[in-house]
Amino acid sequence: MTAENNKIYLYPLWLRIWHGVNALGIILLILTGIRLQYSELSMLPMDFGLAVQMHNIVGVIVTLSYFVFFIGNLVTPNKKYYKIKPKGLVKRLTKQMNYYISGLFKGEESPFPISEKRKFNPLQKYAYIFVMYCFVPLAIVTGIALLFPELIIEQVYSVSGIFLTAVLHGSVGFLISIFLIIHLYVASIGKNPLDNFRSIINGYHDVHPTEKDKKKEK
Amino acid sequence: MSILIRSILLTAFLSVGIVSSGQGKEMPAENSHCLSCHAKQTYSFYNDWLEVETKRMMNPFYILDSTLMVAGVHGGFSCTDCHSPDYETYPHNAELKLEPLATCLDCHGGDETYADYQFDKIEEEFHKSVHFQQSGESFTCSKCHNQHYYRATARTSNQVSEIVSYNNNMCLSCHDDVLKYQTVSSGENPQLSQVHDWLPNQKLHFENVRCIECHTVVVDSFLVSHNILPKEEALRNCNDCHSSNSMLKASLYKYENLQARSEEGKIGAILTNEAYVIGANQNPLLKLLSFIIFGLAVLGIAIHWIFRIVKKSK
Numbered sequence: 327m328t329a330e331n332n333k334i335y336l337y338p339l340w341l342r343i344w345h346g347v348n349a350l351g352i353i354l355l356i357l358t359g360i361r362l363q364y365s366e367l368s369m370l371p372m373d374f375g376l377a378v379q380m381h382n383i384v385g386v387i388v389t390l391s392y393f394v395f396f397i398g399n400l401v402t403p404n405k406k407y408y409k410i411k412p413k414g415l416v417k418r419l420t421k422q423m424n425y426y427i428s429g430l431f432k433g434e435e436s437p438f439p440i441s442e443k444r445k446f447n448p449l450q451k452y453a454y455i456f457v458m459y460c461f462v463p464l465a466i467v468t469g470i471a472l473l474f475p476e477l478i479i480e481q482v483y484s485v486s487g488i489f490l491t492a493v494l495h496g497s498v499g500f501l502i503s504i505f506l507i508i509h510l511y512v513a514s515i516g517k518n519p520l521d522n523f524r525s526i527i528n529g530y531h532d533v534h535p536t537e538k539d540k541k542k543e544k
Numbered sequence: 002m003s004i005l006i007r008s009i010l011l012t013a014f015l016s017v018g019i020v021s022s023g024q025g026k027e028m029p030a031e032n033s034h035c036l037s038c039h040a041k042q043t044y045s046f047y048n049d050w051l052e053v054e055t056k057r058m059m060n061p062f063y064i065l066d067s068t069l070m071v072a073g074v075h076g077g078f079s080c081t082d083c084h085s086p087d088y089e090t091y092p093h094n095a096e097l098k099l100e101p102l103a104t105c106l107d108c109h110g111g112d113e114t115y116a117d118y119q120f121d122k123i124e125e126e127f128h129k130s131v132h133f134q135q136s137g138e139s140f141t142c143s144k145c146h147n148q149h150y151y152r153a154t155a156r157t158s159n160q161v162s163e164i165v166s167y168n169n170n171m172c173l174s175c176h177d178d179v180l181k182y183q184t185v186s187s188g189e190n191p192q193l194s195q196v197h198d199w200l201p202n203q204k205l206h207f208e209n210v211r212c213i214e215c216h217t218v219v220v221d222s223f224l225v226s227h228n229i230l231p232k233e234e235a236l237r238n239c240n241d242c243h244s245s246n247s248m249l250k251a252s253l254y255k256y257e258n259l260q261a262r263s264e265e266g267k268i269g270a271i272l273t274n275e276a277y278v279i280g281a282n283q284n285p286l287l288k289l290l291s292f293i294i295f296g297l298a299v300l301g302i303a304i305h306w307i308f309r310i311v312k313k314s315k
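Quick mapping for you: the protein sequence lines, in order, are chains V and E.
Just so we're aligned, residue 327 is where the first sequence starts under my numbering, counting upward by one.
Just so we're aligned, residue 2 is where the second sequence starts under my numbering, counting upward by one.
Keep in mind that the hints are not guaranteed to be accurate.
One-sided excerpt, in silico: chain V residues whose CB lies under 8 Å from chain E [what the hints assert, rightly or not]:
#1 Q363
#2 F474
#3 P475
#4 L506
#5 I507
#6 I508
#7 D521
On the chain V side, residues computed to face chain E include the following (Cβ under 8 Å) [as the list claims (entries may be wrong)]:
#8 E366
#9 G375
#10 Q379
#11 I504
Below, computed lysine-lysine pairings styled on DSS-like, alpha-carbon distance capped at 27 Å [what the hints assert, rightly or not]:
#12 E:K26 with V:K445
#13 E:K313 with V:K421
#14 E:K315 with V:K421
#15 E:K26 with E:K129
#16 V:K432 with E:K313
#17 V:K517 with E:K312
Keep in mind the hints are simulated off the structure, nothing from the lab.
A virtual CB, placed ideally from N, CA and C, is assigned to each residue, including glycine.
Could you build all of it, start to finish, from the sequences and the hints given here?
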């Protein structure tokens, strides 16, 4: 952290590129996915065949980009932000939750301010772990299965294997969409609603001096 | 006592009779005379002129599969119910080849027993079809429905995959067979995979949907529409099937034997799904749940946002 400009370099270039590709991809997957599942709503005036093709191609791109994230998180220092620490987890999550529900409005400081050591607050961290290591892989595996239906077990008791896989794929896709909405909203919480969006593009996070820091400086 | 035993035996005998008749027909014994040659690759006869026992190869087009025959709708028929009794002697009289064979409507026209099949309406529909328009009377029912083997799978099978493959093979028996195609048309049969190039996941569609789903006019009062359309008028709109009011519900999934799984709003329908069609298989429970979760998320965000704005303006 350089004291003069109060900026920390939080998001390395590879991560920002991955995040950009992933973000665009996921948005396209959600839109085309809704188009395919709810075609009668005619929300998106897109040809069905085109939507299928786009969903397939973008799905493959997002899968490849997932491996960039996965490997990047294995070999770069970025992995430290994703370490699960079960001790006092519930307490930390509750603390962050209380901040979002009440503390934020009372003008309290964030209980887990961003630093080079801690990029994510606990809620954020475990939400990302869930999404990136459960939901997205599940969507990828079921997606690949639906792309090559001959891989799928034909029948599970009396239910079609494709049907089960498709329901799982759709459900997990839906949960990712809900994550995206909340992710975008929470990103707007900050001194300026656009701060976090700027950070994920240029890599730097503005550190706003806390009240304590201000007192110290005086 | 003996009366009791006799009545038990009689009941047993009758019930066996009922069970066996329920399992299917038996081929009349007299058919074995014809099938002794026509179910084999070779046949033998005594040549009166040369006074020798002769063995010859059977014309492959005249070889019948007796197992398929028994399983077919006409499995209980004698050969001579339809063919001339003069066929019982060999060599067959050449003139017999010209004998007029009964058409389906000759027997089934105004048929009370099979009123449900609506044979007369089928004929009416068929007359509008491209098959009749192009080939006229020479395009008989048997071009698609092989009288020797035909099974009404759509009514009897409870497996979509069986109905689909059985039905599609009827179309393919000509459309994928140059020889047979040319008995009704002077043109060449179009290459099916090429003309269906535009269709995404072609193989999957071919295996799981009947050709007639897109190539006929769906009529509500009918099980199977026989008005096969010219290819320009075939269905090409994905949404017609891939939507909650999918056309497939009025065609492939309209059969009573399959209906349990296409009924909406039943938990049973989730558990008995044998097939999956994107857009058409909407699970009402999951749909409701997803709307609730989505609504709550948006509501939560909206409330939080309003509080933030209020706080900021203070």
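Now for the hints, and whether the structure bears them out:
{"no.": "1", "hint": "Q363", "result": "holds, 6 Å"}
{"no.": "2", "hint": "F474", "result": "violated, 11 Å"}
{"no.": "3", "hint": "P475", "result": "holds, 6 Å"}
{"no.": "4", "hint": "L506", "result": "violated, 10 Å"}
{"no.": "5", "hint": "I507", "result": "holds, 6 Å"}
{"no.": "6", "hint": "I508", "result": "holds, 6 Å"}
{"no.": "7", "hint": "D521", "result": "violated, 14 Å"}
{"no.": "8", "hint": "E366", "result": "holds, 4 Å"}
{"no.": "9", "hint": "G375", "result": "holds, 5 Å"}
{"no.": "10", "hint": "Q379", "result": "holds, 7 Å"}
{"no.": "11", "hint": "I504", "result": "holds, 5 Å"}
{"no.": "12", "hint": "E:K26 with V:K445", "result": "violated, 77 Å"}
{"no.": "13", "hint": "E:K313 with V:K421", "result": "holds, 23 Å"}
{"no.": "14", "hint": "E:K315 with V:K421", "result": "holds, 25 Å"}
{"no.": "15", "hint": "E:K26 with E:K129", "result": "violated, 35 Å"}
{"no.": "16", "hint": "V:K432 with E:K313", "result": "holds, 11 Å"}
{"no.": "17", "hint": "V:K517 with E:K312", "result": "holds, 13 Å"}
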